[in-house]
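Going by the working numbering, the sequence shown opens with residue 1, and the numbers climb by one from there.
A hint or two may mislead.
Unchecked claim - Using 30 Å as the maximum straight-line C-alpha spacing, the simulated DSS-like pairs for lysine-lysine come out as follows: (1) K65 x K158; (2) K278 x K2; (3) K54 x K2; (4) K82 x K255; (5) K191 x K278; (6) K54 x K65; (7) K294 x K278; (8) K258 x K245; (9) K258 x K2; (10) K60 x K158; (11) K19 x K275; (12) K240 x K255; (13) K19 x K2; (14) K258 x K240; (15) K2 x K64; (16) K158 x K111; (17) K158 x K278; (18) K294 x K240; (19) K111 x K255; (20) K65 x K19; (21) K245 x K19; (22) K82 x K294; (23) K255 x K245; (24) K19 x K278; (25) K191 x K245; (26) K19 x K191; (27) K255 x K278; (28) K294 x K245; (29) K2 x K65; (30) K54 x K82; (31) K191 x K258; (32) K82 x K60; (33) K60 x K19; (34) K294 x K158; (35) K60 x K111; (36) K82 x K278; (37) K191 x K240.
To be verified - The calculated label-pair distances, taken between Cβ atoms and stated as ranges, are: (38) W154 x S260: 36 to 46 Å; (39) E277 x I256: 49 to 59 Å; (40) S25 x S248: 38 to 48 Å.
By construction, these hints were calculated from the structure, which means they are not laboratory data.
Don't be surprised by glycine CBs; every beta carbon is placed ideally from N, CA and C.
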Amino acid sequence: MKVLLTGGLGFIGRYVIMKLVGSNSVIVLSRNSAEKDSEHNMAAQITIEMGDVKDASRVKEVMKKYHPESVVHLAALTGIRKCNENPSLAFMTNLLGTYNVVMECVANGSKLIFVSSREVYGDTATTSTREDAPLIPNNVYGVTKMLGERLVTWASSKYNLDYTILRLTNVYGPRGDKYNIQAMTWRALTKGRIQMFGGNQIMNLVYIEDVADVIGRCLTSPRVSREIFNVGSNDNMSVKELVSKIVSQLSIPVKIEKASMRFGETLNFRPNLEKLEKTLGYRCPTDFSTGLQKTIQWYEELYRNSNGQDLMK
1 MKVLLTGGLG
11 FIGRYVIMKL
21 VGSNSVIVLS
31 RNSAEKDSEH
41 NMAAQITIEM
51 GDVKDASRVK
61 EVMKKYHPES
71 VVHLAALTGI
81 RKCNENPSLA
91 FMTNLLGTYN
101 VVMECVANGS
111 KLIFVSSREV
121 YGDTATTSTR
131 EDAPLIPNNV
141 YGVTKMLGER
151 LVTWASSKYN
161 LDYTILRLTN
171 VYGPRGDKYN
181 IQAMTWRALT
191 KGRIQMFGGN
201 QIMNLVYIED
211 VADVIGRCLT
221 SPRVSREIFN
231 VGSNDNMSVK
241 ELVSKIVSQL
251 SIPVKIEKAS
261 MRFGETLNFR
271 PNLEKLEKTL
281 GYRCPTDFST
291 GLQKTIQWYE
301 ELYRNSNGQD
311 LMK
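Generate the whole structure from the sequences, applying the supplied hints.
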């Protein structure tokens with residue numbers, strides 16, 4: 001199968017590539033240089049096209065050049081604070097960029113995997129949120145993802161676009177970016193402290209390799225056509241509990257700096273995962289203690305090899 005990944009050199013994209021190479025032809029559309037990814041030997045296994053999803057002509061050019069059977073749309077401005085601080089860029093990237101990708105999928109007859117977020121729900125009162133729950137996002141990121149979903153379903157009803165929408169919870173693991181567990185672990189290693197914003201917010205945490213596995217399965221299963229799925233785990237915990245677990249696994253003393261919860265953060269979310277389990281017969285297998293141990297070990301090794309440089313800047 002020929003698969004195009006937008007934003008394919010990002011955190012999730014790298015793992016999806018590792019999942020797909022060998023049995024698929026993988027093309028990546030990315031704004032970032034591939035040089036930093038030489039450690040994964042990805043450049044030799046995939047085709048990389050430089051470009052921004054906000055550029056409609058560039059998206060059209062790449063889609064016409066390769067005619068992929070499927071597109072995994074990962075390109076987005078992510079992070080609640082980043083989107084709140086740059087709403088114009090968030091809407092341009094996450095909405096206009098998604099529109100460009102959607103319309104080229106329609107033009108080329110490509111299946112679309114749209115990677116969305118649990119932030120589309122906002123705060124939920126139930127103990128287990130299903131896919132048919134109301135969408136009431138409470139931050140710019142969630143709003144842009146909700147509208148992106150609306151574009152996808154609109155194109156399906158008007159142009160018969162085949163799609164699958166995946167609403168990811170909090171994704172963590174090695175080679176991550178500047179958010180959540182990755183940022184806390186790196187700050188602990190380099191600064192000897194962790195900033196804890198709030199503490200009572202309930203998060204659901206899902207390991208990166210499990211997310212890549214779900215995306216790979218959705219590319220081949222006919223049962224996921226025109227469906228929406230929560231993608232998460234059974235690991236629900238407060239931010240306070242999360243910080244405690246990180247500190248307990250580190251071999252150095254760490255100071256916890258308490259701060260107010262940031263604007264737009266979700267207070268309570270626990271996903272209902274029954275639909276994913278019944279449709280794909282899949283339950284994300286990595287428990288949090290195992291995933292956290294792998295993540296911390298990777299960052300400790302990175303820190304030992306960093307020669308004192310702050311690689312997360």
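Which earlier hints can't be squared with this structure? 5, 9, 19, 26, 27, 34, 36, 39
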